[in-house]
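Colleague: Just so you know, the sequences run in chain order A and B.
Take the first sequence: its position 15, counting from 1, is numbered 273 in the working numbering, and each next residue is one higher.
Take the second sequence: its position 10, counting from 1, is numbered 11 in the working numbering, and each next residue is one higher.
The reader is advised that the hints may include incorrect statements.
Not everything, but these chain A residues come out facing chain B in the computed CB check (under 7 Å) [to be verified]:
#1 Gly320
#2 Phe367
#3 Gly368
Straight line, CA to CA, 16 Å or less: simulated EDC-like cross-link-like pairs of lysine to aspartate or glutamate [what the hints assert, rightly or not]:
#4 A:Lys364 x B:Glu60
#5 A:Lys326 x A:Glu278
#6 A:Lys364 x B:Glu105
#7 A:Lys364 x B:Asp57
#8 A:Lys307 x B:Glu105
Restraint ranges, calculated between C-beta atoms of paired labels, are given here [claimed, not checked]:
#9 A:Ser261 x B:Ser68: 27 to 35 Å
#10 B:Lys58 x A:Ser328: 16 to 24 Å
#11 A:Pro377 x B:Asn29: 41 to 49 Å
Simulated from the structure, these hints should not be mistaken for lab results.
Backbone N, C-alpha and C fix where the C-beta goes; we use that ideal spot for every residue, glycine too.
Spelled out from the first residue to the last, the chains are:
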Amino acid sequence: AQSVTQPDIHITVSEGASLELRCNYSYGATPYLFWYVQSPGQGLQLLLKYFSGDTLVQGIKGFEAEFKRSQSSFNLRKPSVHWSDAAEYFCAVAGAFNAGGTSYGKLTFGQGTILTVHP
Amino acid sequence: NAGVTQTPKFQVLKTGQSMTLQCAQDMNHNSMYWYRQDPGMGLRLIYYSASEGTTDKGEVPNGYNVSRLNKREFSLRLESAAPSQTSVYFCASRGGTSGGKRVETQYFGPGTRLLVL
Numbered sequence: 259a260q261s262v263t264q265p266d267i268h269i270t271v272s273e274g275a276s277l278e279l280r281c282n283y284s285y286g287a288t289p290y291l292f293w294y295v296q297s298p299g300q301g302l303q304l305l306l307k308y309f310s311g312d313t314l315v316q317g318i319k320g321f322e323a324e325f326k327r328s329q330s331s332f333n334l335r336k337p338s339v340h341w342s343d344a345a346e347y348f349c350a351v352a353g354a355f356n357a358g359g360t361s362y363g364k365l366t367f368g369q370g371t372i373l374t375v376h377p
Numbered sequence: 002n003a004g005v006t007q008t009p010k011f012q013v014l015k016t017g018q019s020m021t022l023q024c025a026q027d028m029n030h031n032s033m034y035w036y037r038q039d040p041g042m043g044l045r046l047i048y049y050s051a052s053e054g055t056t057d058k059g060e061v062p063n064g065y066n067v068s069r070l071n072k073r074e075f076s077l078r079l080e081s082a083a084p085s086q087t088s089v090y091f092c093a094s095r096g097g098t099s100g101g102k103r104v105e106t107q108y109f110g111p112g113t114r115l116l117v118l
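Excised from the complex, chain A in its bound form (with noise of 0.2 Å):
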């Protein structure tokens, strides 16, 4: 079965420092990796998403994410946190699909990483 892990609950960052958000995945095949980002109040948003190809992907808000299969990780990274970044993340995996190419894309999320950023 898939399993997201995120190691950090909380993660408190001073605005203009750099920032890493670990996600360490399980899955039986080539993932399908995803960040998302909820503001307080909010719904899901997406940040960034792996299916192939280039292991670092560039998302929106200055974010990044790398692929490294031999850690089964997807950490996620901006080199300068602003303070409208305070939010809560999760990491996701996309599950597998059925033989006849009718995908159904199981979501499964890690259980969040809530950034706070002081001033």
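Assemble chain B onto chain A, guided by the hints.
Modeller: The following block gives chain B in isolation, referenced to the frame of chain A:
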């Protein structure tokens, strides 16, 4: 193009009451999903619909039923609400293919906050 919409935004129920959460998408997506979000547990899949006319259970289906009314709409029903169903409910949709390529990304609605007393 509104994406995924959900109604209502907030709801308070008494134990034993029933209600239906509505979800609609205007992206012509085949697949739709219902999740619940609880603190420290991320999002958990309740039910999904791979395509119009089909529905299947996810991780936490007990106490819920769903209806895929048409390609656009996917509703979630609580027949007899319990305090354990207090949560934030998210609907999502996902396209199957686009130009011959799979479209794997799920797009989420704004959520329905439900309190069961």
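Colleague: Are the hints correct? Go through all of them and say.
Modeller: Structure-based check of all given hints:
Because the beta carbon of glycine 320 of chain A sits about 20 Å from the nearest beta carbon in chain B, more than 7 Å, this interface hint is broken. For the restraint placing phenylalanine 367 of chain A at the interface with chain B, the shortest Cβ-Cβ distance is roughly 4 Å, inside the 7 Å limit, so the hint holds. Hint status for glycine 368 of chain A relative to chain B: holds, with the closest Cβ pair at about 6 Å, below 7 Å. Distance restraint check for lysine 364 of chain A and glutamate 60 of chain B: the Cα-Cα separation of roughly 10 Å lies within the 16 Å cut-off, and the hinted pair is therefore satisfied.
In summary, the hint linking lysine 326 of chain A to glutamate 278 of chain A is supported, as the alpha carbons are separated by about 14 Å, within the 16 Å threshold. Taking the CA atoms of lysine 364 of chain A and glutamate 105 of chain B, the gap is near 10 Å; set against the 16 Å cutoff, the hint holds. A C-alpha spacing of about 11 Å is found between lysine 364 of chain A and aspartate 57 of chain B, which places the hinted pair at or below 16 Å, so the restraint holds. Distance check on the hinted pair: lysine 307 of chain A and glutamate 105 of chain B sit about 9 Å apart at the alpha-carbon level, within 16 Å; holds.
The hinted range of 27 to 35 Å is satisfied by serine 261 of chain A and serine 68 of chain B, whose Cβ atoms lie roughly 30 Å apart. Checked against the hint of 16 to 24 Å, the C-beta distance between lysine 58 of chain B and serine 328 of chain A comes to roughly 35 Å, which is inconsistent with it. Distance hint for proline 377 of chain A and asparagine 29 of chain B: a CB-CB separation of about 44 Å, consistent with the stated range 41 to 49 Å.
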